[in-house]
Amino acid sequence: MARFGMVIDTRKCVGCMDCVVACQTENDVPQGHCRDWIVTEVRGTYPTLEMEIRSERCNHCDNPPCVYCCPTGASHVEPFGKTVQVTANRCIGCKACLAACPYGARFVHPEGYADKCTFCLHRVKEGKDPACVSVCPTRCMHFGDLDDPKSEVNRLLGSRKWHTLLPEAGTKPRIFYLD
Amino acid sequence: MLEITTTRHNPFVDPQLAVWGWEIPVYLFFGGMIAGMMILAGIAMLRVARGEDPESFFSVQTPLLGFMLMNVGMAALFLDLAHKLYVWAVYLTFEALSPMSWGSWVLLVAYGILMASALVRIGDSWPWLARTFPIVGRLSAAVETPSRLRLLAFANIGFGIGLGIYTGILLSAMVARPLWNSAILGPLFLFSGLSAAAAMVHLAIRIFPGRPAPQGMVGGAFAAMWQPLGPRAPRAGTENALVRADVGFLGVELVLLALLLLGLVTAGASQIAAAQILISGAYAPAFWGAIVFAGIVLPIALQLLELGHRIPHTVVPALLVLAGGFALRWVLVNAGQASQILQSASR
Amino acid sequence: MPSPSRRRFLKISAATLGAAAAVPMLHQASPFANAASAAGPGTVTTIPTYCEMCFWKCGGIASVRDGKLWKFEGNPLDPMSRGRLCPRGTGAPGNHYDPDRLKRPLIRSGERGQEQWKTVTWGEALDYVAERMKKIAAEHGPESIALWKHGTGARFFEHVMRAYGSFNKAAPSFAQCRGPRDIGNLLTWGTGLGSPERTDIANARCLVLIGTHLGENMHNTQVQEFAQAIGNGATIICVDPRHSTAASKAKHWLPIRPGTDLALVLAWMHVLVKEGLYDKDFVAKHGHGFDKFATAIAESTPEWAEKETGIAAGVIRETAREMARHRPATLVHPGRRVNWNGDDAQRARAIALLNALLGNWGRQGGLFLAAGMKVAPYPFPKFPEARKPKVDNPDGRWPFADEEVTTGLREATITGKPYPIKGWVVYAANLIQTLPNEKETIEAIKKLDLLVVVETHPSEIAGWADVILPDTTFLERHDDLYVGWGRQGWAALRQPVVPPPDDQKPAWWMAKELANRLGVGEYMPFKDMEEYLAVRCEKSGIDYAKFKREGIVMGPKKPITIEEGAEIAFDTPSGKVEFFSDQLAKAGFDPVPKYTPPEALPAGFYPLVTGRSPVHTFSRTQTNPLLADLVGENEVWINAATAAKAGLKSGQYVRLKNEDGVVSNRVKVKATQRIRPDTLYMVYGFGHTAKGLRRALNKGASAAQLNTRYKVDPLMGGTSIHRNFVTFEKEA
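Protein chains in written order, with the working numbering: chain A, 1 to 179; chain B, 180 to 526; chain C, 527 to 1258.
Since the hints were made in silico from the structure, they are not lab data.
Even glycine gets a Cβ: it sits at the ideal position worked out from N, Cα and C.
Hints are supplied without guarantee of correctness; some may be wrong.
[Unchecked claim] Stretch by stretch, here's where chain C covers chain A in the computed footprint (C-beta under 8 angstroms, at least three residues): (1) 8 to 14; (2) 17 to 26; (3) 39 to 48; (4) 133 to 147.
[What the hints assert, rightly or not] In silico DMTMM-like links for lysine to aspartate or glutamate, alpha-carbon gap of 25 angstroms or less: (5) 818(C) with 1116(C); (6) 1237(C) with 1185(C); (7) 161(A) with 182(B); (8) 125(A) with 592(C); (9) 777(C) with 801(C); (10) 594(C) with 129(A); (11) 1175(C) with 1257(C); (12) 900(C) with 1076(C); (13) 973(C) with 665(C); (14) 1175(C) with 41(A); (15) 1171(C) with 50(A); (16) 900(C) with 1093(C); (17) 172(A) with 193(B); (18) 1171(C) with 41(A); (19) 1217(C) with 1029(C); (20) 263(B) with 193(B); (21) 1194(C) with 50(A); (22) 1171(C) with 182(B); (23) 1194(C) with 182(B); (24) 1194(C) with 193(B); (25) 777(C) with 41(A); (26) 943(C) with 921(C); (27) 1175(C) with 50(A); (28) 128(A) with 592(C); (29) 1102(C) with 929(C); (30) 777(C) with 179(A); (31) 1194(C) with 52(A); (32) 1256(C) with 182(B); (33) 833(C) with 848(C); (34) 1175(C) with 182(B); (35) 1256(C) with 1159(C); (36) 172(A) with 148(A); (37) 1175(C) with 52(A); (38) 1175(C) with 193(B); (39) 82(A) with 126(A); (40) 1072(C) with 1056(C).
Same shape as in the complex, but just chain A (with noise of 0.2 angstroms):
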């Protein structure tokens, strides 16, 4: 069974948002609320400057700590990808997850419960990839299976220097950013 992750080169990417857009209008996220959004970073004085920009979102984490929270298992590892999704009208609202993600990626949804990044799994089941992968108009974003040693986000992260986001959190997240 895959897992699926993503790989994404910050050489190339331009934060343009339009990741952000895309996931908007594919998955009809309540306006003011985003499952993804751009982090830039930047490292030095002027004018001795270094810059990381980064297209984030749920990790999809290995050791996912809003799924270990949850009281109902309305977040769940959901066993086609590995993927980490949340399960509507399990849900109570608690916010447990929220607080347990390092990552900030989740939000409570007007309606009351846990949303987040979903991967774009409907899209994904019918051969595409997600929706901000598949508009990113650096093609900075590539979206595969870890397990499949022949994947393309294998081969990248075989070609290529890598971090992911707060490690020492142990959550073991599944987006890797080229460096």
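Fit chains B and C to the supplied structure of chain A, relying on the hints for placement.
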């Protein structure tokens, strides 16, 4: 220099996590206090079962009070839920890794234990109930055998400890919040719960002095609400015992609090930053003022003076302890949400 | 746990819908939230059409779910989008659903500019416009009515007005945007660089960006190619006072002092010539006046330029050599919105000359030769002869302007010379935010007998209108074909995806109705756009039915580089690349670009440079709920050290005041390392003052409002946007 900007702007998540307002602190405070009351009640029941202190009521009858307070705590919890109509989903499953799932089931069992414990000497507390519903009297008699009382006592103590620790573990299981992410939170909340419980019972004794209860059904029911402890005044020494216990609990709480901070300030950058929120940050006045001074140090001093007969017994220390116990939950819940794992400035 | 099938998603949303009904909703209902409740597969149809969120005109495919617009994605057949739109294109559904849109025709009921209206029918509105136009035509002649335009929809307004004899027109896309670049290149190569620019960014080995902030400026294809160039490991040299997104990708970031770019370009050329690094074969074969050029730049040493630009001479030399190392696959981007200082055509020409020294004309990784395709025009009757010259450039005041000059038209309206302009029809050009010095625009408006604004939104200029005609968004209408020039020619189709939500009408329909009322109906002989498009396609041998399904038709593949076998020729007077321009010399201008230093700043003032946000287009998109949700107001960038000295912190509000005392709306401070300590930066297009733009009203500051002192390019009439100095006033 590190400049981080994000386009994320989710309500209650940005710029800082703020998903829990007053409801969860209220729930955790009542949960901890009830846990403490269960433990105190359990100890009293053991003594009753051994035949000691047959007249003691201060803890034997507190399950009734606990039961009522439990409803307040649960109401607060319910108010916090964002998807209220789905609350039943908690009891369709048991999630072994989820403190909240454990807590939900522990609460359910605690409810049962409190209900069963409330039957102990219910005829004394609420005579109208036993008279109106003879079954209550029979059930009350059934639980009052020494062996059953002992069983009930151990259940109270065991689940009391479980509930008390759970209220802390609920927060400490969150890796994302360095301020919470310490196992000391479990015993800290347990001992804070115990001190609050002792204060609450002490307060109850003061507020509800024994008096003959109205006997009619309506009058009796109302009276029971106002007077959940029973008709007889406590024995001499009972108050002193409570105060002594409270001083002990507060002392342990103070040590645990110190250990919590020590653990944080001697750990990594995120933990140090988290500790600073309490020590010198936005919550420092509440932490030092309301929790450490007014909630622990001052009541210890006052109660020691009371025990030494330097000053008369008053409800002031009990009220301070209760306020301090709530402040502890409120500050930790809010400051903890403000704490986060920091990104390192260099890579 | 079973995986949630789509069916199950549907069930979940049905359940949550029930919950939503029972629990008080915390959020305001939005079309998106409603769509969420109805989420699920539904019936999805897809319709291709080309985008008009900006003027790059990418091909896209709209998805309609259960009759409602759902999303808009790139059309893989389209050479511009290559199947991927930019965030504005992706956010196009937000334009359709925007609650701030104009809904019905309006006629002014109060004083001009007071934004008081009565709602009227289309018949009433068009009758009103036609009557006033006829009255102006009777009193002054039809040429006294002028058209301001931007965008595809203006096409038939222009056509009908031309038929009526109203040939005066202007588009800010020339003098307020790419005009200087077009003229600078035209004078050098004999041709402009068109749109999309013929830049082979994808294959460049070295890419030089001067103020061009790709990635924030989202010209889709260029950004895609920029990412390709990064992926290929191209050397990027970025010249910008601000550490732009592009600068963060660059090997060399040159934080230049604003207004001194020409000095840098001259110094670069000096190094290439002095060190003999330029493409000598190309210059020998195709260059005209090279020796005179070399003499003219002999003094432009890196040491000299260092004093002007603040860029170390060593860096100037190093970057020049880097460019030479990769030539001819070194591309100096010509820029697009380049009307900065008022001498921009000469700067653009210098950049063209730098490209020429690198020999990249018609080369891979340089400037390729654009290919097009032939699409037959509709057989319209011939227009009547224009009886008078146009008013916008009297006596060739700007001798090299090859399009109409906006400020010239505005000035003629104010002065009534050479003849009065009494009516304006404004199509999708928010003149208040577009033209420099708002005061002059308002002065001109006060001279008018008729101001008609055709717009999707109640913009600032719409606030001054006598009649507002509510346009459809591009997703709700037909338009003319877009026939594009690029690596391969193509044609794109615009067709309605969803009906307009209210009583908005497409521009072609308005123009046709107006033509009938003006007595020039024979110039719009087709029944509707379907018929018009079908005729054009049929005459061009394009299968219209297939076109409607696919949205794109590709033209023939032709060689576009020397490597592919193309031949190059130059349509200049000398037939060569004009290093020395005799026509400029003859007209009294510098035949080789010369640098003029910017004037000194008053103490405490900073130059304000402006640029773009990737999610907004000009001042057009700030109410789009999808895009405004991401960037709802602009920020003024201030160097962190400068901010600290002034006691300013990020997130705090200030007002900007220019040297004429004009004070902006409040704007948030972004204290950052990413900008020169002596420069401020702001995204333009914000700071709306039109009451109807509820979502954008008073959000951020308007750069246009602060542009009261502007210089005019003597060659072609371009007006500067970066010659205003501002200081900040702290918000109490």
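Hint check results:
Against chain C, the region 8 to 14 of chain A contributes 4 residues with a C-beta closer than 8 angstroms to a partner C-beta. That satisfies the three-residue criterion, and the hint holds. Beta-carbon proximity to chain C at under 8 angstroms applies to 8 residues in the region 17 to 26 of chain A; the threshold of 3 is reached and the given coverage holds. Counting residues of the region 39 to 48 of chain A whose beta-carbon sits less than 8 angstroms from any beta-carbon of chain C gives 5, enough to reach three: the coverage restraint holds. With 7 residues having a beta carbon nearer than 8 angstroms to a beta carbon of chain C, the region 133 to 147 of chain A meets the requirement of three or more and the stated coverage holds.
Our distance criterion of 25 angstroms between C-alpha atoms is met by residue 818(C) and residue 1116(C), whose separation comes to about 12 angstroms. Pair hint residue 1237(C) plus residue 1185(C) holds up; C-alpha atoms about 15 angstroms apart against a cutoff of 25 angstroms. With a C-alpha separation of about 23 angstroms, the suggested pair residue 161(A) and residue 182(B) falls inside the 25 angstroms cut-off, and the hint holds. Between residue 125(A) and residue 592(C), the direct Cα distance comes to roughly 22 angstroms. Compliance with the 25 angstroms bound is thereby established for this hinted pair.
In summary, the hint linking residue 777(C) to residue 801(C) is supported, as the alpha carbons are separated by about 22 angstroms, within the 25 angstroms threshold. Our distance criterion of 25 angstroms between C-alpha atoms is met by residue 594(C) and residue 129(A), whose separation comes to about 23 angstroms. Taking the CA atoms of residue 1175(C) and residue 1257(C), the gap is near 12 angstroms; set against the 25 angstroms cutoff, the hint holds. Taking the CA atoms of residue 900(C) and residue 1076(C), the gap is near 19 angstroms; set against the 25 angstroms cutoff, the hint holds.
For the proposed pair residue 973(C) and residue 665(C), the alpha carbon gap of about 15 angstroms is at most 25 angstroms, so the pair holds. The hinted pair formed by residue 1175(C) and residue 41(A) meets the criterion: a straight-line CA distance of about 18 angstroms does not exceed 25 angstroms. Proximity of residue 1171(C) to residue 50(A) is assessed by CA-CA distance (about 24 angstroms); at most 25 angstroms being required, the pair is judged to hold. Only pairs whose Cα atoms come within 25 angstroms are accepted, and residue 900(C) paired with residue 1093(C) is accepted, the gap being roughly 20 angstroms.
Restraint check: the Cα-Cα separation between residue 172(A) and residue 193(B) comes to about 23 angstroms, which is no more than 25 angstroms; the hinted pair holds. Between the alpha carbons of residue 1171(C) and residue 41(A) the distance comes to roughly 24 angstroms, so the proposed pair stays at or under 25 angstroms and holds. Taking the CA atoms of residue 1217(C) and residue 1029(C), the gap is near 21 angstroms; set against the 25 angstroms cutoff, the hint holds. Using a Cα cut-off of 25 angstroms, the hinted pair residue 263(B) and residue 193(B) holds, with the two alpha carbons roughly 23 angstroms apart.
This hinted pair checks out: residue 1194(C) and residue 50(A) have alpha carbons roughly 24 angstroms apart, not beyond 25 angstroms. Distance check on the hinted pair: residue 1171(C) and residue 182(B) sit about 18 angstroms apart at the alpha-carbon level, within 25 angstroms; holds. Our distance criterion of 25 angstroms between C-alpha atoms is met by residue 1194(C) and residue 182(B), whose separation comes to about 16 angstroms. Annotation: proposed proximity of residue 1194(C) to residue 193(B) holds, straight-line Cα distance about 18 angstroms (limit 25 angstroms).
The straight-line distance between the Cα atoms of residue 777(C) and residue 41(A) is roughly 18 angstroms, inside the 25 angstroms bound, and the hint therefore holds. Distance check on the hinted pair: residue 943(C) and residue 921(C) sit about 12 angstroms apart at the alpha-carbon level, within 25 angstroms; holds. The suggested pairing of residue 1175(C) with residue 50(A) holds, with an alpha-carbon distance near 22 angstroms, which does not exceed 25 angstroms. In summary, the hint linking residue 128(A) to residue 592(C) is supported, as the alpha carbons are separated by about 22 angstroms, within the 25 angstroms threshold.
A C-alpha spacing of about 24 angstroms is found between residue 1102(C) and residue 929(C), which places the hinted pair at or below 25 angstroms, so the restraint holds. Taken as a hint, the residue 777(C) and residue 179(A) pair is honoured in the structure, with Cα atoms around 15 angstroms apart against an allowance of 25 angstroms. At roughly 23 angstroms between alpha-carbon atoms, residue 1194(C) and residue 52(A) fall within 25 angstroms of each other, so this suggested pair holds. Proposed proximity of residue 1256(C) and residue 182(B) is supported: the alpha carbons are some 23 angstroms apart, at most 25 angstroms.
Note on residue 833(C) and residue 848(C): the hinted pairing holds, with a Cα-Cα distance of about 22 angstroms set against a maximum of 25 angstroms. This hinted pair checks out: residue 1175(C) and residue 182(B) have alpha carbons roughly 13 angstroms apart, not beyond 25 angstroms. At roughly 18 angstroms between alpha-carbon atoms, residue 1256(C) and residue 1159(C) fall within 25 angstroms of each other, so this suggested pair holds. For the suggested pair residue 172(A) and residue 148(A), the alpha carbons sit about 18 angstroms apart, so the restraint of at most 25 angstroms is met.
A distance of roughly 23 angstroms separates the Cα atoms of residue 1175(C) and residue 52(A); the hinted pair therefore holds under the 25 angstroms criterion. Restraint check for residue 1175(C) and residue 193(B): the C-alpha separation of about 19 angstroms stays at or below 25 angstroms, so the hint holds. Taking the CA atoms of residue 82(A) and residue 126(A), the gap is about 17 angstroms. The hint holds against a cut of 25 angstroms. Simply put, residue 1072(C) and residue 1056(C) have alpha-carbon atoms about 14 angstroms apart, close enough for the 25 angstroms limit, and the pair holds.
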